[in-house]
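J.: Sequence:
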Amino acid sequence: MKYVFYVLGILLLTLGICFTIQSDLGTSPFDALLVGLSMNVGLTVGSWEIIMALILICCNSFLKRQRPEVLGLLTAFITGIGIDMWLFLLHNLLTPELWYSKVVCFGIGLVVIGLGTATYLHTNFAPIPVDRLTLIIQELTRTNIFFSRTFIYLVFLLMAMVLNGPIGVGTLLTVCLGGLMLNFFMPLTEKVLDRILTISSPSPNYDNDKNHSI
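Residue numbering for the sequence shown follows this note's numbering, beginning at 21 and increasing consecutively.
Hints were generated in silico from the structure; no laboratory data involved. Glycine included, C-beta positions come from ideal geometry on N, C-alpha and C. Possibly wrong hints are sitting among the right ones.
What the hints assert, rightly or not - Computed spacing ranges between beta-carbons, pair by pair:
{"no.": "1", "residue 1": "R215", "residue 2": "V27", "range": "17 to 27 angstroms"}
{"no.": "2", "residue 1": "Y120", "residue 2": "Q86", "range": "43 to 53 angstroms"}
{"no.": "3", "residue 1": "D214", "residue 2": "H111", "range": "18 to 28 angstroms"}
Required output: the full structure, derived from the provided sequences and hints.
T.: Structural data, given as structure tokens:
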């Protein structure tokens with residue numbers, strides 16, 4: 021059952037990313053970096069998601085001093101496909117032109133990203149490398165997700181600026197609110213998913229998974 025929430029969370033996450041891209045107000049620094057790479061180098065946004073994931077897996081392995089979490093590539097692969105799929109489906113359907121419709125589009129995207137990320141992270145199955153990096157920095161600095169997420173966003177923001185990615189007021193809002201949104205949804209999804217997963221699968225395997233959860 022948890023794999024259903026894993027896929028659902030990623031689909032929500034990628035849908036939210038596409039909403040922010042289509043809002044034309046600026047995306048998260050990481051997504052701005054992906055779009056910037058796509059525009060300047062080539063390949064699709066989803067393809068760069070997978071390539072960056074491979075780089076971050078090596079980075080995470082170095083920070084944790086353990087073997088690379090190759091399984092994270094699976095999540096990045098699904099995420100890359102999801103981004104390209106939603107962009108293809110929504111490219112002509114979701115093109116807000118008035119400023120308030122752009123704000124609504126971006127706001128929906130930001131909320132959906134937070135909900136989707138919290139949902140799939142709680143399944144504790146192959147986090148996207150950038151999200152794993154968030155958890156690693158949280159652990160190393162002994163702070164909260166808000167701090168670690170914001171720190172990572174600032175690093176990617178500088179990289180996205182170099183590549184002329186879609187940076188705007190939405191990017192600033194993502195830096196300020198992205199970590200806060202994730203910090204808000206994490207305990208909520210934990211309560212809901214714990215209840216559902218416990219009812220649907222009251223097996224020792226799930227209890228063991230919980231011992232390794234966030």
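J.: It remains to establish, for every hint, whether it holds in the given structure.
T.: Hint check results:
1. R215 - V27: 17 to 27 angstroms: Given about 19 angstroms between the Cβ atoms, the range holds.
2. Y120 - Q86: 43 to 53 angstroms: Given a distance of about 48 angstroms, which is inside 43 to 53 angstroms, the answer is holds.
3. D214 - H111: 18 to 28 angstroms: violated, 37 angstroms
Going down the numbered hints, you'll see the structure goes against just number 3.
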